[in-house]
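> Next come the chains, spelled out residue by residue.
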Amino acid sequence: MPPKKAANPRTQDHIATGDTQPLPSSMSLLVAEPADRTKSPKRKRGQGAKKDLAIGVQESQEEEGAGEDPPRTKRRQTVASSSAPKPPANLPLRFPTEKELRVILRALALYPDQRIESMVDLEQAERMIEVAESIYRKTENALTEVHWTRYIIEEDLLRKMKDNPYLVDGTEKLGKDNEQGQQWRKWVKAHKIEYKLDDMGWNWKKKEVNSLDTYVMESLDSLLHLCPPPFIFINDPIAPKLTVQSLLPSLNRGTLSVAHIDGISCFTPRLLYDTVLNGLADYKPTWEVGCRNWDNEEKSIGTANASLDTFLHALRALYTSLKSGDKAGTPRFIVVIEKPERLKERMPDLMVPLTRLAELTQLDLCVIMISEARWEDIRPPLGAAIDPFYVDIPIPTKELIVRHLLTVFENNSDLASGSTTPHPYDPVLLPAYTQFVSILVDVCITYTNDPHEIQYIAAARWPGFIKPVLDAHQLNLEADPDIELERVPTDVLLRLTTHFKPSLPLALEQLYPRLTNAADWARANEASRAALARDGLILRDVDEEEEKEEEEMDVDTDVFSSPSRRRASTRLQKQKVAQDLSSSDVKEMLPLSVSLPRTSQFILLAAFIASMNPAKSDLRIFGRGADGQKKRKRRARKQASGTTTNKSGQTQAKIPQRFLGPSPFPLSRLIAILAALLEENDPAMGELNDSGYGLDFKIPGEKTDYEVNRVGVYASVCDLPFAFAARHLIVV
Amino acid sequence: MAPKRKASSTPLDESPSKRITRSNSNLAFVSISTPSPNVSSDDESRDELDLFDESLPTPSRNSKKSERRSRLQPEKSVTFVDILPEPLPSPPKGTRESGKQSPQKRIIRKNNQLKSPSLTPPPPVSSPTIQPLPSRCASKTDGLHDSLHFQKRAILWALQFPPLYLSLDDDAQTTNESAVQVLGSLLDGTVSRGEGNSCLLLGPRASGKTRLLESCIAGLSPAPIAIRLSGWVQTNDRLAMRELSRQLSSQVSSTLLPEELRSAVDEASCDVDENPFLDTTPEAIELSVPTAHMHSLIACIPTLGRPTVVILDAFDLFAEHPRQSLLYSLLDTVQSCRAGGNGKGLAVVGVTARMDSNMMLEKRVKSRFSGRMIRTSASSTASRWKDMLRTMLTPQVDEVTEDFSQSWKSSVDEFLADAKTTRILEEVCSVIGEFRSLARFLISPVLNLNSSHPRLTASQLEISIETQYIRTEYSYLHTLNYPSLCLLLAFYQAESDGYPALTFEMLNDYVRNAIRVSGVAPVQVNGGNIGMTRCTRPVLWTAFEQLIAAQIFVALTAPSQNLGKNFLKYRCAVTREDVRKSVEKTGNSSLKLFLRRALVSH
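Chains as they are written, first to last, in this note's numbering: chain G, 1 to 732; chain S, 1 to 602.
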């Protein structure tokens, strides 16, 4: 990946300025011009875009050295000193020559192609807009191509500035009554550009089959088809599952026989042998034949899974039977092992034979292990296994994740292509989805790089996100059955984005750690109609009263339902959070006062004190003198810093008990602490009428002692773990 | 993949610094020497603007153009000498250029510390003269691509099975050559004269022990019964005995087998009735051959119709079996084999890398062992390796034309003559000393050959060695996500505070503190807050679990039922230096602040 990434800024330079001499001068001329229009929304956008870019561009800027062209420097200066005075407006403005103009137009026309390769630098894009606009203003030249490009660029910019939504449409900027704008709109309409996704630069998807880093995968694929080494180890620290998924389909062609093994499901040698053999033979055990495993048809090989020897013999038999079979060419066995670290834990003896499988069977065989851990952590001792051919999968970048999500969208729309009703994965919605995904990835990329996780979050949010559009379409359908789902207008998309954006971090916090599942989350976070109407996303067909009602409902049912407006009082919110089981912290949400009887509460408290404090501190906490006063005795600490010295002489800081978790304690200690707690802190204890017992307690604490030794207390002690185990299950 | 894709992806592979110069040269080339049909094929008149357009690295355009061209001129013959760029004409020029490249090279090596290694080829450090011109290649990509494909396959095959030894012109024999002679004569004695022989084949890993033995056996006539046992598979004598009988039965017709063996084999093959759902350990399986009978069964082997060679791979593991009864039986039979007697010969060859295997034998076994040890060795000189490499890199490929193989050979010669390649070879030869590793290092450069880079380069080999052998630990750290880096930094700080092992609770506390501290005095740059981003506990926990899965955090104690997962103690497998470097490399200012605070607290 590094070469590709590094290439971006340069490519852009290259495009916008070119190598030819006249261009930079014209650029600077043209760029200088719009800078003095302070009021224009573009200024603000520029800052916004710049802010977003700041981190991403930083490193690439460092690489660029002397080769910087003058306009770029100027631009950066103006942006860096955001409110600083503009560069002098009296720069000699020159009308670009026809030649320069053509160069610029060419660069603009190339923009969509660049965008396909996701090599777009937004700063450059913005400058290109400015140039385009300047050309337009100077020449009054209604070049539809340029406008079209502008439209795309502006969409891109829009995606970047979620906070400052000014521009919506390429035409809007020209003004509603502008003749050129109208012409362009007509042109766009006439050419039905909304439906030509290929024109917009979406045709990359035809090229890409695997969503992962294609270069690594391609080389691996060609290696496996050419002549693989006997043992390959793939280290993918983030998403090994995705690697497997993108590796397997490419192997199912030619004469390769592939067996896919999961270290978790193959937990005994027998299962392992059977899975490998069935996979390589492409054989599925069926119920009709008694779920028998693969066996040679002509000459039975007996039980192949009895031991490693029989397994190896069966492999050879399988090879010969495949070789003589219908398939042309000599077969090649590929054994893909996922989670090999589990195999190491379960069957350490098998690791060496597995890596040496090709040598032992003397067949054309390749074992591929895919793991999150390194081979150094899995490797059997004594150098018994052969050295693997290492393949390292880099951590997925943002572009790869976006690409993966779009591929998934495409697959979904293929799957749902048969449905007649509008569905969220209609191909027409792809541009909207692209924008949605880029915002989502922006939110999530800080916290996770796993494409699977982000895909999960996207799957939970997207149907709700696009629902207003689909509903509107449904309404239109009722009016006119022939109407087709159109591309989502940019302003609607924008409103949708502003409405749903606050729910994205929430989705991450709840779905990424799997505090809840996607379906439940989507149900809980459905946007209410009132909130949508407020944001102008649906028609305000509900009258005032209804809306009010709904708002109250909204407060009652779920505070998160309209993420953009939270009008519920803080008290209500807190209550909701406390009751919401899927909320984060276990301690906060357990309403002890509600669920447990009084004695049990005290037992719980006593247990906590007993487990979190050393026994020797009990006297200090609960010890009382004869007068009932707390003994205040100060002991000089032996070790002031709280460090311990271990055998090797190194000093180690002592970890506080609260970080080490609860420690076990005897029951008698629990009872003693419980007694102390009850004696001092239980208000009910004093109120109880002594006569109820028919006993006379004289000595202080005697009553408590009596109370504590009841059978009921022991019963509660026994009950509590069950109660908590059950509750724990519910919570987690 | 498809050739088109390959061809179109080439611009991405090229170094950014080279792009402008290359497009210039391309431009110059087109304007000077483009054949006329190409020019006329374009719709518009070709002025400078169009040239500028073409020089832009847009893959789709390039491929489109190449398609158009190939359609226009399908009959044009492709000369392969043209495709492969000319070799460097004179050594002084080469050295000058390598001198020029050195700063770039240094940068690459410096970055390598934290760069994520992958199959991706490094930006080729070759000079523009070596660089093939893309416009020429694009039009002729098909022929070159196919030829390269076949060449690659042949080379990869050759790399997997390197020659045992290379016969030299001078009289000095290599270790392996003499080993072949000794072993060959030994086995010949068994086969032709019915001797009982035993020997050990000793040599370091990947020195060609097994292949040497196999080649010797293959050369014997009449072909003996070869029984191959491996200490890795047959982990005890029962399994070994069973496998032995199975192999015997498959190689000898059943009637020739003596009565006891036949019944044993029958029993071995008829345990189909066994309940397949019973998951029994190998030891518990009812064995066909009782250990008590083992000796008498093995003693029957010389009575078979053909001489037998028993190969014991990982011999040292057999020596670890209790009482070494299999070894005793085998070696006892060997010793009792009388030349000229009725029986046929039996040879037992142990193969191992363990030098003291002889010492592991019990006295009664040792006294029956001949004590003969044949050594193999892969150690050689770099120049010898170079010759081996040359033969492996230029295999006979039938599919390609003569022109191509000629130019390929010259390019391989050039690659091997490169000073850098020689240095690398010398290093590998002295440090690693086994040829199989070198072959492994060459896989990736060979695999990366494509029609725009049809040559092997020393720098690619260097990068490949870095990926395959040097293996910088956790090279991807700096691309980890924010919570994971926070956790690593928390560990960093905790280590400064004197905690070598931590629980999740403590890490969480550290991270929370850091976030709180950075939030206390908000620093704003350009209106943006550069404080640390909030990170909730569940998100942090998920990141923590991911780090455990990647074995960056290693649990010190086994998980127990009483203790929650968040209270288990972990240690960090990443060194402090790596954490520091990767955090500095991320460029995240708030994390850098965290790092600085962690340093100060120390």
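Don't take every hint at face value.
Claimed, not checked - Facing chain S, from chain G, some residues (calculated, C-beta under 10 Å):
1) W375
2) A384
3) I395
4) Y706
As the list claims (entries may be wrong) - Straight-line distance between alpha carbons at most 27 Å, and here's what the computed DSS-like set of lysine-lysine pairs gives:
5) S:K420 x G:K654
6) S:K569 x G:K654
7) G:K398 x G:K241
8) S:K420 x S:K409
9) S:K585 x G:K398
10) S:K565 x G:K241
Don't read these hints as lab results, they were simulated from the structure. Just so it is clear, CB atoms sit at the ideal spot from N, CA and C, and this is done for glycine as well.
> Straight-line Cα separation of K420 of chain S and K654 of chain G no greater than 27 Å?
Distance of about 54 Å is beyond 27 Å: violated.
> Does the interface hint hold: is I395 of chain G within less than 10 Å of chain S, judged Cβ to Cβ?
Interface hint status for I395 of chain G: holds (4 Å vs cutoff 10 Å).
> Please check whether W375 of chain G passes as an interface residue: C-beta within 10 Å of a C-beta belonging to chain S.
holds (9 Å)
> For the hint on Y706 of chain G, just tell me whether its beta-carbon gets within less than 10 Å of chain S.
violated (32 Å)
> Mind checking the alpha carbons of K585 of chain S and K398 of chain G for me, to see if they're no more than 27 Å apart?
holds (18 Å)
> Quickly compare the C-alpha distance for K569 of chain S and K654 of chain G to 27 Å and report which way the hint goes.
holds (13 Å)
> Would you check the hint for K398 of chain G and K241 of chain G, treating anything up to 27 Å between C-alpha atoms as holding?
Measuring from Cα to Cα gives roughly 18 Å; hence the hint holds.
> Next pair to validate is K565 of chain S with K241 of chain G; report whether the Cα-Cα distance is within 27 Å.
holds (24 Å)
> Taken at face value, is the distance from the CA of K409 of chain S to the CA of K420 of chain S at most 27 Å?
holds (19 Å)
> Could you check if A384 of chain G really has its C-beta closer than 10 Å to a C-beta on chain S?
holds (7 Å)
The structure is inconsistent with the numbered hints 4, 5, although it conforms to all the rest.
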